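Asks: Given next are the chains, with one letter for each unit.
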Amino acid sequence: MVQCGSSMDANITWLTLIALAAIVASATILIVYLVKKPALDLKMKLWLLLGLAVFPFLGAATSTVAGMEATTEREFCGSCHVMGEHFADSSDPESQSLAARHSRNPFFGGRSCYVCHADYGMYGYALTKAGGMRHVYEYNLGGYGQMTMEEAKKAIHLLKPFDNLNCRQCHTASVHDWRRVPDHEALKAELESNKVSCASAGCHGFAHPFFKAEHRPQAPILRPAPPSSAMNTLGSAAAPLPGPAPAAPRPNASAAGPGP
Amino acid sequence: MRLSVIARRRVKRTVPQLLRLACIVALLALAVFATSIFYPRPLVVIFSMSIGHVIGMLAGALYVLAIVLDTIRPAASIEPAVATSGAASDDAGDREALAHDEKAPEASADTEADDAPGSKG
Chain A
2 MVQCGSSMDA NITWLTLIAL AAIVASATIL IVYLVKKPAL DLKMKLWLLL
52 GLAVFPFLGA ATSTVAGMEA TTEREFCGSC HVMGEHFADS SDPESQSLAA
102 RHSRNPFFGG RSCYVCHADY GMYGYALTKA GGMRHVYEYN LGGYGQMTME
152 EAKKAIHLLK PFDNLNCRQC HTASVHDWRR VPDHEALKAE LESNKVSCAS
202 AGCHGFAHPF FKAEHRPQAP ILRPAPPSSA MNTLGSAAAP LPGPAPAAPR
252 PNASAAGPGP
Chain B
387 MRLSVIARRR VKRTVPQLLR LACIVALLAL AVFATSIFYP RPLVVIFSMS
437 IGHVIGMLAG ALYVLAIVLD TIRPAASIEP AVATSGAASD DAGDREALAH
487 DEKAPEASAD TEADDAPGSK G
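Top to bottom, those sequences are chains A and B. Here the first sequence is numbered in this note's numbering, starting from 2 and rising by one per residue. Here the second sequence is numbered in this note's numbering, starting from 387 and rising by one per residue.
By construction, these hints were calculated from the structure, which means they are not laboratory data. No experiment lies behind these values; they were computed from the predicted model shown. Treat the hints with caution; some may be incorrect.
Only pairs whose alpha carbons sit at most 16 Å apart, straight line, appear in this in silico EDC-like list of lysine to aspartate or glutamate [to be verified]:
no.	chain 1	residue 1	chain 2	residue 2
1	A	Lys196	A	Asp178
2	A	Lys130	A	Asp184
3	A	Lys196	A	Asp164
4	A	Lys213	A	Asp120
5	A	Lys46	B	Asp456
6	A	Lys44	B	Asp456
Over the 12 Å line for every Cβ pair with chain B, so calculated as not near, a few chain A residues [unchecked claim]:
no.	residue
7	Leu18
8	Lys46
9	Glu76
10	Ser92
11	Asn106
12	Cys117
13	His136
14	Gln147
15	Arg169
16	Asp178
17	Glu191
18	Glu193
Positions of the beta carbon are idealized from the N, C-alpha and C atoms, including for glycine.
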């Protein structure tokens, strides 16, 4: 079994600090009790209540929330070796792939994998985490952990077509800048029904073009005209990219993205 | 009554043992929680959120069990035969109870025979 992750550091936040404080406080009480073996009077029972119930509960709760937060980090997603190229590309400041440009966004760049791939909706968080359990299973017991990168490129695919709604969490289709692009209006029905993907070769390009062997070098990216808009601020880079003329939009069945 | 004496002794010895065990189990759970904070990797985080929580709840349950046993123990000491207190008298009580238990089978057999259905006919 290939070990997941080798370069991850703890992301210390106020939540992890609370968790660590609770853990240290609890451990101190318990170790003192084990070493000194004091008489079991009421005062000691109350100390043990803190050390065995209150502080551990606080530590468990906060470490759980901190752990759930950690699972949304880009480093966490890239900690499995089959996601190594995705992580390297999205971390590359020179890369112009859709994923890399989103990962450079200061608002959510550190969580770009989760933000783009998480299901949108009331139960999106829970459903995404449940899907992540499948990833863990496939990686550790399904054979993906033993795959080379070349094997992984052939085997790993999205479980379902990438939902354009995930793009439209930020890039709303109701603003003028979106609607004034002729292709958006012409393909509105196909985009809403996910028959055409935003992240396709003829539109905004694959999010992870290196994972599409048949499309090397990077597929052409259709860039809309407006240079300054809220859409560009929230989403991809505003500067137009060099490249040949846009190709026809591709069906969503070949939408880009990783995930066993 | 004699059996309650022995049970009381056992409970008295069990409570500190349970608490020590709870402390050790809780330390194990805390170590798992801390590991998931410092090394947030998939398996570590999943282990912490599942097995770690079970270990932590086990420690809490052991603590509650110890406190419950410690709470019900004084109720037994209300009985006259076990009204003595202090370590020396407890040891004496143990010896007395054990000595009585060695003689007890005959008496208890008689009692059972007396209580058996049809024995009084």
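Asks: Does each hint fit the structure? Answer for all of them.
Replies: Taking the hints in turn, this is what the structure says about them:
1. A:Lys196 - A:Asp178: Judged against 16 Å, a Cα distance of about 22 Å means the pair is violated.
2. A:Lys130 - A:Asp184: Judged against 16 Å, a Cα distance of about 34 Å means the pair is violated.
3. A:Lys196 - A:Asp164: It holds: about 10 Å lies between the C-alpha atoms, which stays within 16 Å.
4. A:Lys213 - A:Asp120: violated (23 Å)
5. A:Lys46 - B:Asp456: holds (10 Å)
6. A:Lys44 - B:Asp456: holds (14 Å)
7. Leu18: Leu18 (chain A) not clear of chain B: closest Cβ-Cβ about 10 Å, inside 12 Å.
8. Lys46: violated (7 Å)
9. Glu76: Contrary to the label, Glu76 (chain A) does not stay out of reach of chain B, its closest Cβ about 9 Å off (not over 12 Å).
10. Ser92: Non-interface label on Ser92 (chain A) holds, nearest chain B Cβ at 18 Å vs cutoff 12 Å.
11. Asn106: holds (22 Å)
12. Cys117: holds (19 Å)
13. His136: violated (8 Å)
14. Gln147: holds (16 Å)
15. Arg169: holds (29 Å)
16. Asp178: Label holds. Min Cβ-Cβ 38 Å, cutoff 12 Å.
17. Glu191: Nearest chain B Cβ is 36 Å from Glu191 (chain A), so the label holds.
18. Glu193: At roughly 34 Å from the nearest Cβ of chain B, Glu193 (chain A) sits farther out than 12 Å, so the non-interface label holds.
In summary, the numbered hints that this structure violates are 1, 2, 4, 7, 8, 9, 13.
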